[in-house]
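Novice: As a plain string of letters, each chain reads:
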Amino acid sequence: MNYKKLDQGDLDFINGIINDPERVLYGENINEEYSHDELSDTVSYPDIVVKVTSTEEVASIMKHAYENNIPVTPRGSGTGLVGASVAMEHGIMLDTTLMNHVLELDEDNLTITVEPGVLLMELSAYVQERGLFYPPDPGEKSATIGGNISTNAGGMRAVKYGVTRDYVRGLEVVLPNGTVVEFGGKVVKNSTGYAMKDLMVGSEGTLGIITKAILKLLPLPQKAISLLVPFPSLEAAIGTVPLIIKSKSAPTAIEFMQREVIMDAEKYLGKKFPDNSADAYLLLKFDGNTTEEIEKAYEGAAKICLEQGATDILISDTNEREESIWKARGAFLEAIKGSTTYMDEVDVVVPRSSVNEMVEYIHNLYHEVDIRIKSFGHAGDGNLHAYILKDDLSDEEWEHRMTAAMDKIYGKARELKGQVSGEHGIGYAKKSYLFESMDPATVEIMRGIKAAFDPKNILNPHKVCQV
Amino acid sequence: MKILVCIKQVPDSNKVEVDPVTGVLKRNGVESKMNPYDLYAIETALRIREEMGGSITVMTMGPGQAAGVIREAFAMGADEGVLISDRKFGGADVLATSYTLSQGIKLLGDFDLILCGKQTTDGDTAQVGPEVSECLGIPSVSNVCKIIELKQDAITVEMDMTHDIEIAKVQFPCLLCVDKDIFMPRLPSFLKKQATKDREIRVISLEQLEDKDEKHYGLNGSPTQVQRIFPPESNAHREQWSGSGTELGKRLYQTLLDLKFV
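Those protein sequences? They're chains Y and B, same order as listed. Take the first sequence: its position 445, counting from 1, is numbered 449 in the numbering used here, and each next residue is one higher. Take the second sequence: its position 134, counting from 1, is numbered 143 in the numbering used here, and each next residue is one higher.
Treat the hints as calculated values from the structure; they're not laboratory data. Hints should not be assumed to be uniformly reliable.
[Said to hold, decoys possible] In silico EDC-like links for lysine to aspartate or glutamate, alpha-carbon gap of 20 Å or less: (1) B:202 to Y:93; (2) B:201 to Y:108; (3) B:202 to Y:296; (4) Y:227 to Y:202; (5) Y:8 to Y:93.
[Said to hold, decoys possible] Partner residues are not named here, just some residues of chain B that face chain Y (Cβ under 10 Å, in silico): (6) 39; (7) 40; (8) 72; (9) 74; (10) 75; (11) 84; (12) 88; (13) 193; (14) 254.
[Stated by the list, open to error] Going by beta-carbon spacing under 7 Å, a handful of chain Y positions derived as facing chain B: (15) 303; (16) 306; (17) 308; (18) 312; (19) 316; (20) 320.
We treat Cβ as the ideally placed atom computed from N, Cα and C, and that holds for glycine.
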């Protein structure tokens with residue numbers, strides 16, 4: 005693509021709109037952070053970073069970019085893992101982190117309207133203080149809600165409550181030509197034309213820029229109890245998951261973890277985990293309004309675990325206990341990252357009935373490909389995170405073994421009728437796997453949708469379905 | 010080794026309301042839990058038992074529902090439970106509470122080691138442990154953050170004195186008040202909970218104690234008079250400013266100057 009290179013005229017135009025030199029970063033003032041995201045080795049600097057504060061600013065800049073054929077990349081906290089928020093064609097980066105206001109809490113409709121830069125941890129704390137509940141719970145709490153919507157983030161409560169898409173009611177979006185549109189709204193049902201709102205969710209900043217989101221809330225469950233279940237082996241632990249799902253006991257989360265990862269987290273947090281007697285654990289969470297109600301709900305699942313060889317069921321029923329477990333769980337990614345020199349990740353999702361097969365396959369790959377792989381994840385929803393670690397391998401060896409491991413994992417996921425990404429998205433880094441696994445006709449439709457939204461292809465080019 | 014752990018049921022919230030008229034904590038409607046510091050005391054007891062053998066008795070004073078924390082201690086691995094409960098014990102301050110506990114302990118017999126949490130999260134006085142040891146005439150160490158050496162007749166511990174660490178060796182019998190993070194408390198076990206659900210909890214009332222004088226217990230035995238209880242003021246004042254970095258910097262400096270912080 006031939007894009008226009010940002011020049012002094014564009015800079016003057018942007019400064020004229022923003023009128024605050026501290027919100028316009030140019031040249032050497034662009035921090036290194038803006039050249040990459042949290043994980044992928046996709047690196048590219050934007051020519052200019054604009055910290056926008058309003059829809060109007062986004063619309064004006066977008067219109068200018070459209071008229072002048074300048075590429076634009078939207079970005080939240082930059083906690084993505086697949087390079088979706090990296091400016092591959094340089095140009096303008098729109099940083100939405102200052103658009104971080106809660107605009108309205110509508111207790112009549114149980115919705116909250118927020119700007120895209122509100123952090124997930126701010127959002128959940130805000131609603132919880134008011135007795136309400138925003139269920140999506142990805143591990144990365146410092147991600148922005150705009151980023152969560154853009155990747156359709158899932159998180160740990162997906163087993164019972166679903167993913168981000170299920171909680172987005174309406175969006176205000178600035179289209180690539182600068183037009184501001186609204187998709188969806190506060191309505192609960194909607195059969196009015198194509199589901200534009202749902203198309204935006206998970207579009208990874210390629211179709212439009214989200215400037216406002218109306219999110220659905222639930223009443224806050226009064227109490228949550230987690231069960232930490234030690235198993236003698238990973239196989240025994242993970243083999244239990246399909247049985248729990250089949251038992252209809254409705255936990256909010258089913259996570260699996262291995263001792264090694266727990267030890268990494270202990271080291272990373274400088275805090276002990278409440279148990280380290282077993283090689284593998286399942287972590288189940290149940291919520292409800294009274295302790296009795298929850299105890300009744302988990303009894304069936306506890307029985308299944310014991311029948312499958314669990315050595316005990318450990319009960320976490322207070323805030324302190326919950327924190328000691330879930331804080332460690334939330335730190336797994338960072339902890340694994342800290343245990344090696346470099347890593348790449350796989351975020352495959354398979355049907356829930358096949359989750360044990362997938363986990364065991366990844367576990368055994370360690371021997372086959374001779375590379376360290378650590379995994380943990382949302383066993384209950386079939387979404388697994390495997391981290392392939394570089395350690396002391398040479399760049400060449402790493403590239404070779406990592407690619408071999410990835411190819412095998414994605415191949416196995418395809419065989420089990422799974423998908424390339426459960427919640428992290430495709431971005432830039434996972435495109436080749438999407439092309440391999442997706443029907444070419446579907447990819448063509450996706451490209452058509454992209455062209456309908458963004459005929460000049462200026463918004464976040466080279467991402468998702470584009471070469 | 011015979012170990013006793015003193016535990017207490019506290020409100021499961023840090024936002025306990027105070028009745029403005031009576032000045033008494035409103036406990037109704039607030040779920041309760043074991044005092045978090047006591048979990049460290051129980052864990053310490055379990056670790057010592059793992060090393061030295063013996064038995065762990067847990068004891069609490071309170072109304073009937075306080076038995077809940079004893080059941081929880083059973084699910085963590087404690088062997089026996091004692092509930093000191095009598096209407097006449099109600100309204101006790103730290104002195105009367107300590108005296109009542111020590112009377113209960115005397116009734117139970119000799120212990121080698123008595124463990125308490127450093128303090129409770131409702132009263133926060135950190136006085137009951139040391140006062141119990143006074144009543145029993147045994148040595149005590151507070152703020153114990155680490156066990157250095159454990160022997161048949163004595164224990165060597167580190168005590169956290171905020172600015173420095175003091176090491177103390179104490180002969181058994183003694184009383185230790187343990188600080189948080191001495192050990193990570195284990196979680197209650199579902200299997201142990203099921204196995205102990207019918208285990209008897211011994212209940213002790215005034216008439217079983219050696220000293221039966223009502224004036225030494227409850228409100229009667231409490232020299233402390235509570236004038237007023239109020240939650241600490243929480244400062245939730247927030248201001249949001251907007252402007253350029255230079256403007257905000259100047260304003261922040263001026264504000265700090267006005268508040269005499271700089």
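Novice: Return the status of the interface hint for residue 74 of chain B: holds when the least beta-carbon distance to chain Y is below 10 Å, violated otherwise.
Specialist: violated (13 Å)
Novice: Is the shortest C-beta separation between residue 40 of chain B and chain Y less than 10 Å?
Specialist: holds (8 Å)
Novice: Using Cβ atoms only, decide whether residue 88 of chain B comes closer than 10 Å to chain Y, and label the hint accordingly.
Specialist: Constraint on residue 88 of chain B not satisfied, violated at 18 Å.
Novice: So, as I understand it, the hint says residue 39 of chain B touches chain Y; can you test that by seeing if any CB pair is closer than 10 Å?
Specialist: Nearest chain Y Cβ about 12 Å off; hint violated.
Novice: Would the stated hint for residue 75 of chain B survive a check requiring a Cβ distance to chain Y of less than 10 Å?
Specialist: Since the shortest Cβ distance to chain Y is 16 Å, the answer is violated.
Novice: Given the hint that residue 201 of chain B pairs with residue 108 of chain Y, does the C-alpha gap stay at or below 20 Å?
Specialist: The hint is violated at about 48 Å.
Novice: For the hint on residue 72 of chain B, just tell me whether its beta-carbon gets within less than 10 Å of chain Y.
Specialist: violated (18 Å)
Novice: Is the shortest C-beta separation between residue 84 of chain B and chain Y less than 10 Å?
Specialist: At 7 Å from the nearest chain Y Cβ, residue 84 of chain B passes the 10 Å test, so the hint holds.
Novice: Check the hint pairing residue 8 of chain Y with residue 93 of chain Y against an upper bound of 20 Å on the C-alpha distance.
Specialist: Roughly 10 Å between the alpha carbons, so the hint for residue 8 of chain Y and residue 93 of chain Y holds.
Novice: Would the hint on residue 193 of chain B stand, with a C-beta cut-off of 10 Å toward chain Y?
Specialist: holds (4 Å)
Novice: Hint check: residue 227 of chain Y vs residue 202 of chain Y, CA-CA at most 20 Å. Holds or violated?
Specialist: violated (31 Å)
Novice: Min Cβ distance, residue 320 of chain Y to chain B: is it shorter than 7 Å?
Specialist: holds (6 Å)
Checked against the numbered hints given earlier, this structure breaks hints 1, 2, 4, 6, 8, 9, 10, 12, 15, 17 and 18; the rest are met.
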